[in-house]
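Visitor: For reference, the chains in residue letters:
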Amino acid sequence: MKIPFSYSLRNLWTRRLTTVLTASGMALVVFVFAAVLMLAEGLRKTLVETGSYDNVVVIRKASEAEVQSGIERLQASIVETQPEIATSKDGKKLVAKELVVLITLPKRGTDKPSNVVIRGIGENSLTLRPQVKLVEGRMPRTGTAEIIAGMSIAKRFQGGGIGENLRFGMRDWMVVGIFDAGNTAFNSEIWGDVDQLMQVFRRPAYSSVIFNLHDPREFEKVKVRLENDPRLTLDAMRETRYYEKQSEIMARFLRILGVSLTIIFSLGAIIGAMITMYSAVANRVFEIGTMRALGFQRKSILISFLFESLLLGLIGGIVGLFFASFLQLYTVSTLNFQTFSELAFTFSLTFEIIYKALLFSLIMGFVGGALPAVRASRMNIVESLRAS
Amino acid sequence: MHILKLIFKNAFRHKLRTFLTILGVAIAILAFGLLRTVISAWYVGVEASSASRLVTRNAVSLVFPLPLSYKEKIRQIEGIKGVSYGTWFGGIYIDEKHFFANYAVEPETYLRMYPEIIIPPDQKAAFYRDRKSAVAGRKLAERYKWKIGDIITLKGTIYPGNWDFVIRGIYRGRDETVDETAFVFHWEYLNESLKKTAPLRADQVGWYMIEVTNPNIAAEAAVRIDKTFKNSLAETLTETEKAFTLGFISMTEAIVIAIQLVSFLIIFIIMAVVANTMAMTARERIGEHAIFKTLGFRGFHITGLIFGESLAITMVGTALGIFLTFPAAKIFGKELSNYFPVFIVEPETIYMDLGAALVVASVAALFPAWRAVNIRIADGLRRIG
Numbered sequence: 140m141k142i143p144f145s146y147s148l149r150n151l152w153t154r155r156l157t158t159v160l161t162a163s164g165m166a167l168v169v170f171v172f173a174a175v176l177m178l179a180e181g182l183r184k185t186l187v188e189t190g191s192y193d194n195v196v197v198i199r200k201a202s203e204a205e206v207q208s209g210i211e212r213l214q215a216s217i218v219e220t221q222p223e224i225a226t227s228k229d230g231k232k233l234v235a236k237e238l239v240v241l242i243t244l245p246k247r248g249t250d251k252p253s254n255v256v257i258r259g260i261g262e263n264s265l266t267l268r269p270q271v272k273l274v275e276g277r278m279p280r281t282g283t284a285e286i287i288a289g290m291s292i293a294k295r296f297q298g299g300g301i302g303e304n305l306r307f308g309m310r311d312w313m314v315v316g317i318f319d320a321g322n323t324a325f326n327s328e329i330w331g332d333v334d335q336l337m338q339v340f341r342r343p344a345y346s347s348v349i350f351n352l353h354d355p356r357e358f359e360k361v362k363v364r365l366e367n368d369p370r371l372t373l374d375a376m377r378e379t380r381y382y383e384k385q386s387e388i389m390a391r392f393l394r395i396l397g398v399s400l401t402i403i404f405s406l407g408a409i410i411g412a413m414i415t416m417y418s419a420v421a422n423r424v425f426e427i428g429t430m431r432a433l434g435f436q437r438k439s440i441l442i443s444f445l446f447e448s449l450l451l452g453l454i455g456g457i458v459g460l461f462f463a464s465f466l467q468l469y470t471v472s473t474l475n476f477q478t479f480s481e482l483a484f485t486f487s488l489t490f491e492i493i494y495k496a497l498l499f500s501l502i503m504g505f506v507g508g509a510l511p512a513v514r515a516s517r518m519n520i521v522e523s524l525r526a527s
Numbered sequence: 090m091h092i093l094k095l096i097f098k099n100a101f102r103h104k105l106r107t108f109l110t111i112l113g114v115a116i117a118i119l120a121f122g123l124l125r126t127v128i129s130a131w132y133v134g135v136e137a138s139s140a141s142r143l144v145t146r147n148a149v150s151l152v153f154p155l156p157l158s159y160k161e162k163i164r165q166i167e168g169i170k171g172v173s174y175g176t177w178f179g180g181i182y183i184d185e186k187h188f189f190a191n192y193a194v195e196p197e198t199y200l201r202m203y204p205e206i207i208i209p210p211d212q213k214a215a216f217y218r219d220r221k222s223a224v225a226g227r228k229l230a231e232r233y234k235w236k237i238g239d240i241i242t243l244k245g246t247i248y249p250g251n252w253d254f255v256i257r258g259i260y261r262g263r264d265e266t267v268d269e270t271a272f273v274f275h276w277e278y279l280n281e282s283l284k285k286t287a288p289l290r291a292d293q294v295g296w297y298m299i300e301v302t303n304p305n306i307a308a309e310a311a312v313r314i315d316k317t318f319k320n321s322l323a324e325t326l327t328e329t330e331k332a333f334t335l336g337f338i339s340m341t342e343a344i345v346i347a348i349q350l351v352s353f354l355i356i357f358i359i360m361a362v363v364a365n366t367m368a369m370t371a372r373e374r375i376g377e378h379a380i381f382k383t384l385g386f387r388g389f390h391i392t393g394l395i396f397g398e399s400l401a402i403t404m405v406g407t408a409l410g411i412f413l414t415f416p417a418a419k420i421f422g423k424e425l426s427n428y429f430p431v432f433i434v435e436p437e438t439i440y441m442d443l444g445a446a447l448v449v450a451s452v453a454a455l456f457p458a459w460r461a462v463n464i465r466i467a468d469g470l471r472r473i474g
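Those sequence lines, one after another, are chains A and B.
Residue numbering for the first sequence follows the numbering used here, beginning at 140 and increasing consecutively.
Residue numbering for the second sequence follows the numbering used here, beginning at 90 and increasing consecutively.
Certain hints may be false.
With a cut-off of at most 30 Å between alpha-carbon atoms, the simulated DSBU-like pairs for lysine-lysine come out as follows [to be verified]:
{"no.": "1", "chain 1": "B", "residue 1": "Lys234", "chain 2": "A", "residue 2": "Lys384"}
{"no.": "2", "chain 1": "A", "residue 1": "Lys200", "chain 2": "B", "residue 2": "Lys186"}
{"no.": "3", "chain 1": "B", "residue 1": "Lys382", "chain 2": "B", "residue 2": "Lys423"}
{"no.": "4", "chain 1": "A", "residue 1": "Lys384", "chain 2": "B", "residue 2": "Lys228"}
{"no.": "5", "chain 1": "B", "residue 1": "Lys236", "chain 2": "B", "residue 2": "Lys94"}
{"no.": "6", "chain 1": "A", "residue 1": "Lys362", "chain 2": "B", "residue 2": "Lys236"}
{"no.": "7", "chain 1": "A", "residue 1": "Lys384", "chain 2": "B", "residue 2": "Lys319"}
{"no.": "8", "chain 1": "A", "residue 1": "Lys200", "chain 2": "B", "residue 2": "Lys285"}
{"no.": "9", "chain 1": "B", "residue 1": "Lys423", "chain 2": "A", "residue 2": "Lys384"}
{"no.": "10", "chain 1": "B", "residue 1": "Lys221", "chain 2": "B", "residue 2": "Lys319"}
{"no.": "11", "chain 1": "B", "residue 1": "Lys244", "chain 2": "A", "residue 2": "Lys384"}
{"no.": "12", "chain 1": "A", "residue 1": "Lys184", "chain 2": "B", "residue 2": "Lys234"}
{"no.": "13", "chain 1": "B", "residue 1": "Lys236", "chain 2": "A", "residue 2": "Lys246"}
{"no.": "14", "chain 1": "A", "residue 1": "Lys251", "chain 2": "B", "residue 2": "Lys319"}
For the record, the hints were derived by calculation from the structure and aren't laboratory data.
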């Protein structure tokens, strides 16, 4: 015979204060657990969306990032002539020779400077990145001191808005357009004409060459050819891989932080659940004795108490997830240790995270409730009936 | 005296529950202490920096160099005692995961300006003599089991190629806050090689380290330096060492804030656990408290009992947690020495632990005490169980 479901439910309701306290402890744990997963997912999404699978980034050998790289004009021209490069509708090769430098600009509202990426672009740079869209204004004219700024630059940096001026490299630059690059790292960049920027920063070399492949499968071929060309000292990699590598340290840091926090926090919450369930059992010795005398089996009692604990976990899980879902409105911007530039990403909630967080809360409920439930089911009928 | 005895007897009446609560508090305090230590490790560079040192770098950003010729110009400026310079090398040992700071400096002026870096005199002399040599921090040398005379190869990211260095010295920090995981070598070695391979990049430095005669004139000296190079091709930005390191940290502020938030969250979680225990305790003792009241004890006696019990449980847990923090920080520091060169538990962390414990104990006891005080005697006596 089974003990009705409502018994567990009403037990939780009778001891409301305890239930609320235990469940809120668990909710906090689930909140943190979900937040860390969402953060990692947001970072991953940002990076995956930043790169395209059929684009190739070429940088100087062993330079790891565009900022550290340098490709002389001659070398860049050799890369440009590779036959695997796709052509656009009007017959031009889809390749861009770009310059990437870091400058410090003050944020709006404060005087705190932050590192910003400035990218010198060629005429194909926008075509090569379909995820970047101009939302306001126009593209900068070549040969002028005009720039366009990413959405998060326009919002958060002084002088980043349309029609405003930014000063760097001993010149004033007019922002003539704002582009939206969705969730990608380009959102924290400023783009301008590459030749103008090379001139003001006195850089005789490009930072990277980016091109689109005719056929994504030809990547290996072009990579081997470029890397073995004695005239070149370059590394070629797929754009997706390039951006993934850029934040390996950050991703690893988030992972270590997330795992250690979750372990410590869940220990605390499991202890909370255990205390609650042990006292739930201790308070109901007489009741348990009565049920056993009525003919309920040990197994039914075990299940009933386990169920109560699982329910407690589930309540905590749902509440925690509910609050964690609001985090999606929040954008994190921090310094990427590897590139020293700003990296902005959002918390992102996926079904997998919801399912993981709920599973996690149930596991916490189970672990917290298992021992007390076993104790409840092992009680001796006569002794427990004698207790009052 | 009796009341203390009663509080302790009460606290350990439910052995299992009390034990679990204490364990929970200990874990939370341990986690709180470790997270606070992470934050202080983040700011350790600020503490280690001196008020009488300035850092001059390119005003555009750190990736742009300054010409070597600025050195003599800076030296002529009033109030400047010494000038040294360095360049961030950014070399990779084995692979990217084995990160440590490595930079090129002009050794003699650098070591004179940084007395907190201690190298035995014979090693120092050997380091000065050999242009291809380097010195490594004690912790770094321990991590990779380097000995004096070993040849270390770094793969350059900013400066291409494989670079060989001979370890000629291992330095210690004068205080605990000094980073002992850095790798420092001769700027001349880098420069001479660049003259051959990339002459355009030679004779340039990443930053100047400047010592002023008196910390009080640091701000004026900084302004004077920047004014000297105003409207040149490489304008400078001069800050005190403290401001320079703080600037770096402020860019990673989001992470620091997140860790801070999480460290407070954990206090909330443990508050819920302790409050739960106290709520259950008080509920079980409603009858007892009613008897106390009948005997003539007042509300504040009962409040005192409940608060005392909450405090006793929390404090035992806190003591345990603090006690465990030190060995845990040691293990953590070793594992994470890539990220945090210095990882020590500061006295402030312990005070914060104690403060948090006090808050948890009081908040947890608040509601049960209020209920116990307000319940009518007859109702209290009537309740069973």
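Visitor: Next, verify each hint and record whether it holds.
Guide: For each hint, the structure was consulted:
no. : hint                  : verdict
1   : Lys234(B) x Lys384(A) : holds, 28 Å
2   : Lys200(A) x Lys186(B) : holds, 18 Å
3   : Lys382(B) x Lys423(B) : violated, 56 Å
4   : Lys384(A) x Lys228(B) : holds, 27 Å
5   : Lys236(B) x Lys94(B)  : violated, 60 Å
6   : Lys362(A) x Lys236(B) : violated, 40 Å
7   : Lys384(A) x Lys319(B) : violated, 38 Å
8   : Lys200(A) x Lys285(B) : holds, 18 Å
9   : Lys423(B) x Lys384(A) : holds, 25 Å
10  : Lys221(B) x Lys319(B) : violated, 36 Å
11  : Lys244(B) x Lys384(A) : holds, 17 Å
12  : Lys184(A) x Lys234(B) : violated, 39 Å
13  : Lys236(B) x Lys246(A) : violated, 46 Å
14  : Lys251(A) x Lys319(B) : holds, 21 Å
The structure fails hints 3, 5, 6, 7, 10, 12, 13 (numbered hints given earlier, in ascending order).
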